[in-house]
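Please work from the sequences and hints to get the whole structure.
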Amino acid sequence: MGLIKDTFHNLQELRNSASLANKVFIQRDYSEGTTCKFQTKFPSELENRIERTLFEDTVKTLNNFYAEAEKIGGHSYLEGCLACVTAYLIFLCMETRYEKVLKKIAKYIQEQNEKIYAPRGLLITDPIERGMRVIEISIYEDRGSSGSSSGSSSVSGSTAR
Amino acid sequence: MHIGESMRECEYSQISTRSSTPMETPHKKRSPKRKKWEAFPGRNKFYCDGRIMMAKQTGVFYLTLVLILVTCGLFFTFDCQYLAKELTPIIPVIGGALFLFVLGTLLRTSFSDPGVLPRATPDEAADLERQIDVANGSTGYRPPPRTKEVVINGQTVKLKYCFTCKIFRPPRASHCSLCDNCVERFDHHCPWVGNCVGRRNYRFFYMFILSLSFLTIFIFAFVITHIILSSHQKGFLSALKDSPASVLEVVVCFFSVWSIVGLSGFHTYLISSNQTTNEDIKGSWSSKRGKDNYNPYSYGNIFTNCCAALCGPLPPSLIDRRGYVEADAPQLAAPTNGITMYGATQSQQSHMCDQDQCIQSTKFVLQAAATPLLQQQTSEPVIITSSTENGTSLPARASLTLGGPCSTFPLGQPTPPTSTPSLSCQEAADVLPIHGHTLNHTYPLQEQAPHHHYLTPEEVPSPPGMLHCGSPLGHSHTVQAGFYNPASQDSLHEDSVRGLVKLSSV
Chain A
1 MGLIKDTFHN
11 LQELRNSASL
21 ANKVFIQRDY
31 SEGTTCKFQT
41 KFPSELENRI
51 ERTLFEDTVK
61 TLNNFYAEAE
71 KIGGHSYLEG
81 CLACVTAYLI
91 FLCMETRYEK
101 VLKKIAKYIQ
111 EQNEKIYAPR
121 GLLITDPIER
131 GMRVIEISIY
141 EDRGSSGSSS
151 GSSSVSGSTA
161 R
Chain B
1 MHIGESMREC
11 EYSQISTRSS
21 TPMETPHKKR
31 SPKRKKWEAF
41 PGRNKFYCDG
51 RIMMAKQTGV
61 FYLTLVLILV
71 TCGLFFTFDC
81 QYLAKELTPI
91 IPVIGGALFL
101 FVLGTLLRTS
111 FSDPGVLPRA
121 TPDEAADLER
131 QIDVANGSTG
141 YRPPPRTKEV
151 VINGQTVKLK
161 YCFTCKIFRP
171 PRASHCSLCD
181 NCVERFDHHC
191 PWVGNCVGRR
201 NYRFFYMFIL
211 SLSFLTIFIF
221 AFVITHIILS
231 SHQKGFLSAL
241 KDSPASVLEV
251 VVCFFSVWSI
261 VGLSGFHTYL
271 ISSNQTTNED
281 IKGSWSSKRG
291 KDNYNPYSYG
301 NIFTNCCAAL
311 CGPLPPSLID
321 RRGYVEADAP
331 QLAAPTNGIT
341 MYGATQSQQS
351 HMCDQDQCIQ
361 STKFVLQAAA
371 TPLLQQQTSE
381 PVIITSSTEN
391 GTSLPARASL
401 TLGGPCSTFP
411 LGQPTPPTST
421 PSLSCQEAAD
431 VLPIHGHTLN
441 HTYPLQEQAP
451 HHHYLTPEEV
461 PSPPGMLHCG
471 SPLGHSHTVQ
481 AGFYNPASQD
491 SLHEDSVRGL
501 VKLSSV
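As you go down the protein sequences, you meet chains A and B in turn.
Position one of the first sequence corresponds to residue 1 (this note's numbering), numbered consecutively onward.
Position one of the second sequence corresponds to residue 1 (this note's numbering), numbered consecutively onward.
Possibly wrong hints are sitting among the right ones.
What the hints assert, rightly or not - Computed from the model, here is a short list of chain A residues facing chain B with C-beta under 10 Å: (1) 33; (2) 42; (3) 87; (4) 89; (5) 93; (6) 136.
The set of hints was computed from the structure by calculation and includes no laboratory data.
Each residue gets a CB set at the ideal place from its N, CA and C atoms; glycine is no exception.
Here is the structure:
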């Protein structure tokens, strides 16, 4: 419960004072071919926003997820052959492995945003929404307190529900 | 404090990453929502509400369909009866199965997304431009064709920059000039199937030509058998007279066999060496180019290559055809006229809306930002409504909801309210690469600034400090930010901010 309160507090703070300042784009790493993999190079814009290790962990985990989705092995062969035999009608009732992994990725990104990135004023956009080209990290900055902004937040607070 | 409490009371709905279903909002019905396929920038045709995707020219596809249907129809009507009687009834069964398989794979090839890469969002494009300018030293003139070199499995591969899609093409991707899209693992554009053949439909295409070769050979063989058998009984000429359709079938099959069997053989070779038609024609991996030239994508042995191509995982479509075009989302860089087709059509869309629809759209935007972060229901519409009712609306919020700036609702789109619909933007997009988009990119701020001044300060009696629009020239990043203050402030949840960022996917 305390953890939830803290999360809310962080996010509320972010929301209250956040404004989109910059976006960093983590590009794809094609050194291993066309498989989906993102560069783990730490962008300079995030230098004092987040620890290098946290960022690298996130990207590495995402890379592992994508590798799992695109893995060519027994499971994917089975799925491919079954699909071919049923004239691909099986996908009307069943999700492809790729889709299942994409859902896992979405959940992971949400979790990362909640726990790690939002408290630091950052936000990760799921690469699938950018055509798997980039991981877009939005950097929010405190706008600084100005009369109107705190005024508006209190107005919004009072008019809420 | 009460904000926190109200946050805890709420629940919210999960946004699926595919976002193929519209947000559940009562206001949705009132504002006309366009689906993404309607705003798709490529030259594709969509049917069945975005489920079916084909190239622009589909005449030859219908010819293919007619040829197959007519030939098989004639075969089943005229020849199968005789063959079933004389030889075995299995013949029509096998023929039927082959026919259905051919049709299925053909339709699947023709109707599916070949692996189109969505065009870059304005921010991405601007970011790339910045990087390229840094690399080139920003001369201000149109730079030479942009390439990036990448080493894949020991082989140096050049990634080209696509001026239309504003991305560096991934390896093996190519831009189809007929469809005006970048396609992943682009094989070729096949007019016979009326679509590009790329990563997502290559296996269907291969299955189609393979099964069609079998079907053609099957029909050819059995029609000849029919004629021979019946000429033993009646004589050659009367056999021909009895079933004239057979003659037509033989002619069609004879001419088809050479091309289709040849094509199947060629693609079998391509699959086994893990090459695309594009690469083979250019001789990218041919040993004639150099001693060390080899295909870095090949798995080494034929079996693995075939399995990877035919039984590998099927990636999902990257263009969300049936999702709804979300209203404009927070953007950093000023999108210039040519970049955002989406932006242009969105701005046109909002230009035409009345104030009520603008409000609804705003509500939709903020409601659509209900992401799973906090498990809460967004309450932005309530806030906005009350703000307009109160009349004591805050300046930033008012800038979204006043009647005048309705035409300026396209949050930061540079196209002026009087701009003509997407056609002009399409022309701009076509023209843009020729004129050199560095010009546009070097002065996004100046372009943007007048619009921002037009947008908010005049219209809204707001304290200037409130809006960062006051200093658009100073910060390209905060130009949009100022305008979006209301969105980020009104929502009580950080997830709405994220949602707004998500919305910039369009």
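Inset, instruction - Return the status of the interface hint for residue 33 (chain A): holds when the least beta-carbon distance to chain B is below 10 Å, violated otherwise. - result: holds (5 Å)
Legend entry - When the least beta-carbon distance from residue 42 (chain A) to chain B is tested against 10 Å, hint result: violated (16 Å)
Inset, instruction - Using 10 Å as the Cβ threshold, decide whether residue 89 (chain A) counts as touching chain B. - result: holds (9 Å)
Inset, instruction - Go through the hint on residue 93 (chain A) and say holds or violated, using the shortest Cβ distance to chain B against 10 Å. - result: violated (15 Å)
Legend entry - Interface hint for residue 136 (chain A), Cβ within 10 Å of any Cβ on chain B: holds (7 Å)
Inset, instruction - Identify whether the interface hint at residue 87 (chain A) stands, where standing means a beta carbon of chain B within less than 10 Å of its own. - result: Residue 87 (chain A) check passes; min Cβ-Cβ to chain B is 5 Å, inside 10 Å.
Violation of the numbered hints given earlier is confined to hints 2 and 5; the remaining hints are satisfied by the structure.
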